[in-house]
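K.L.:
Protein chains in written order, with the working numbering: chain A, 1 to 112; chain B, 1 to 113.
Treat each hint with caution, since some may be false.
Quick look at which bits of chain A chain B covers, simulated, 3 or more residues with Cβ under 8 Å [said to hold, decoys possible]: (1) 41-53; (2) 56-64; (3) 96-102.
Capping the alpha-carbon separation at 25 Å, the derived lysine-lysine pairs in BS3-like fashion look like this [said to hold, decoys possible]: (4) A:K57 with A:K70; (5) A:K9 with A:K71; (6) A:K57 with B:K3; (7) B:K38 with B:K3; (8) B:K38 with B:K70; (9) B:K38 with A:K9.
These are calculated hints, taken from the structure and not from any lab test. What you are looking at is a predicted structure, and each value in this text was computed from that prediction instead of being measured. Cβ atoms here follow ideal geometry from the backbone N, Cα and C, with glycine treated the same way.
Here is what each chain is made of, one letter per residue.
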Amino acid sequence: NAGVTQTPKFRVLKTGQSMTLLCAQDMNHEYMYWYRQDPGMGLRLIHYSVGEGTTAKGEVPDGYNVSRLKKQNFLLGLESAAPSQTSVYFCASRTASSYEQYFGPGTRLTVT
Amino acid sequence: AQKVTQAQTEISVVEKEDVTLDCVYETRDTTYYLFWYKQPPSGELVFLIRRNSFDEQNEISGRYSWNFQKSTSSFNFTITASQVVDSAVYFCALSQFGNQFYFGTGTSLTVIP
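Just chain A, with the same shape it has in the complex (with noise of 0.2 Å):
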């Protein structure tokens, strides 16, 4: 098992530039979840979903929009990139039954 992985590990983008950053899990598990980590601010989570073709906001979510269109796949987009977005984006997921979450290596992406 690959557990949760993350495509693309860095991204450099431009100020008003678009990108998708990938989370892929292959333990079947209903819950994903996308966090970003910023110096002196933990983990603050973006979007969550709780199964295939479901998402909801979490703490943080504007500028940012998701999708899980299949199960083992939830997207996170960033549609006109800001220098406040420069982050460690982490996804994560879990099975409905236990709240222990998986996490993927994360997305180190800087927005100049």
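Following the hints, put chain B in place on chain A, whose structure we already have.
P.N.:
Chain B only, in chain A's frame:
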């Protein structure tokens, strides 16, 4: 509102010392879950423990122990006989139903050999 406070930003200890990481939480819910995660220098996040609000028993796992006190809204983490491999950032987190998770800002622990 849910909130987790980790007041200790950075801690340094000498190897073999004991160290306690503090976690204070706020919630109006009577049912909730508390967690600790470890983030070593490599960057991945590793689950350490989950505790639900109805179980105030302390837990010990090897050199790790957790003290959950509802009266003070605290869920502290103690490492006994610290080792260099314990150097990491440790996060405390709170969730009510497992949909939204609220993380503290983390405590960076450095164990000096």
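K.L.:
Against which earlier hints does the structure fall short, listed by number upward?
P.N.:
none
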